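Engineer: Using the sequences and the hints, build the whole thing.
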Amino acid sequence: MSQADAALAFTIGIGLALRGCGLLLGGALRPDHPAIAWASAVSVATLAAFVTLAIAAPAGLLATVPLAARLAGLAAGFLAFRLLPGRLLPAMGAGLAALLLARALTG
Amino acid sequence: MAQALGAPALAMGATFLAFGAAVAEAGLSLPWALLCTGAVYGMAGQLVLLQLAAGGGAALPATIAATAANARFLPMAVAIAPLLGRGGRRWLVLPFIAITPWAAGMRVLPGLPDAARLPWFLGFALASWCAAMAATAAGHLAAPLLPAEFRAALLFANPLYFALLLAADAARPGVAPALLAGILAAPLAFAVGGAWGLPLAGLLGGTLAFLWNRLR
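Chains as they are written, first to last, in the numbering used here: chain A, 1 to 107; chain B, 1 to 216.
Hints listed in this document are in silico derivations from the structure and should not be mistaken for laboratory results.
As the structure is a computational prediction, the values presented were derived from the model and not from experiment.
There may be inaccurate statements among the hints.
[Claimed, not checked] Residues of chain B clear of chain A, computed beta-carbon distances all greater than 10 Å: (1) Gly56; (2) Arg107; (3) Asp114; (4) Arg117; (5) Trp120; (6) Cys130; (7) Ala138; (8) Pro144; (9) Leu215.
[To be verified] Computed Cβ-Cβ distance ranges for the label pairs, DEER-style: (10) A/Ala75 x B/Arg216: 25 to 33 Å; (11) B/Ala176 x A/Ala75: 13 to 21 Å; (12) B/Arg107 x A/Ser2: 35 to 43 Å; (13) A/Leu101 x B/Ala115: 47 to 55 Å; (14) B/Gly85 x A/Pro85: 31 to 39 Å.
Cβ coordinates follow ideal geometry from the N, Cα and C atoms, glycine included.
Structural biologist: And the structure:
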């Protein structure tokens, strides 16, 4: 078993355990219990750090896209999401279109 | 089921399409992609897992980082459990507690009679799950056929999706400090590098944000 396969197997198991604990604790613990609040904060922070790195310092093929084009895509996505509140799909479309356009312009 | 295949599912489907393409780009197989989508079924953790596992990292830090990114499963399950009744059949929802069905369930279930809640949630969740699996397969199979610039744009779809979701979530109590702490901790993850950087940054940033919320 490769490291990627082992990581996938462990992540599946722990994910099911987290969901199972939540179902067991539902009704016993309030959603604002300190342990729940801590898990939520770690989840948001990990995701925020991941997104920041994926946009500012990506690996692989995305690294071939200039930083200016990635930032243009992000800005266009946010702008569209602000103009069309709650509409994820148009915002993503605007962000990806801006990325492609900015990449074409910056070479 | 019709509700599960509406506009939110299209946005969700786009992220799974992009995930399938990213797995292909990383050189991992279609079964790996499908197992990851079908059994992890939490895009944040899937992406973190893919990044670290495909980079040749060890299994342990990749698992910790992916679990931290998907740690929201715990509060989500705690919150939705009382709406699904106390019977043993509620365990059928176990693999399907993920952001799209959960958000829809929290909105719709309180307005349904008790007996209708579990069937509604299972129908919605199964339809969403099937759409996610189909999109993952399509992304993986289509990726090699696309020009490089479109593949790069597809890889950008997931960070963009989560950036928008996090921004929309920032108004909820306690979220903004964790969001800011995660962004500020990203250079630490970069400096530490390897497979341990991201879980370390998430644990440190999230814990500091939690303490900030408790103490202020």
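Engineer: Run every hint past the structure and note whether it holds.
Structural biologist: Verification of the hints:
1. Gly56: 7 Å, violated
2. Arg107: Holds, since 12 Å exceeds 10 Å.
3. Asp114: 14 Å, holds
4. Arg117: It holds; B/Arg117 is separated from chain A by about 13 Å at its closest Cβ, greater than 10 Å.
5. Trp120: Nearest chain A Cβ is 17 Å from B/Trp120, so the label holds.
6. Cys130: The claim stands: B/Cys130 keeps its Cβ more than 10 Å from every Cβ of chain A (closest is about 18 Å).
7. Ala138: The claim holds: B/Ala138 sits with its nearest Cβ about 17 Å from chain A, beyond 10 Å.
8. Pro144: Correct as stated: the minimum Cβ-Cβ distance to chain A is 12 Å, above 10 Å.
9. Leu215: 12 Å, holds
10. A/Ala75 x B/Arg216: 25 to 33 Å: 31 Å, holds
11. B/Ala176 x A/Ala75: 13 to 21 Å: Taking Cβ atoms as reference, B/Ala176 and A/Ala75 lie about 20 Å apart, which means the hint holds.
12. B/Arg107 x A/Ser2: 35 to 43 Å: 40 Å, holds
13. A/Leu101 x B/Ala115: 47 to 55 Å: 52 Å, holds
14. B/Gly85 x A/Pro85: 31 to 39 Å: Cβ of B/Gly85 to Cβ of A/Pro85: about 34 Å, so the range 31 to 39 Å holds.
Of the hints listed earlier, the one the structure fails to meet is number 1.
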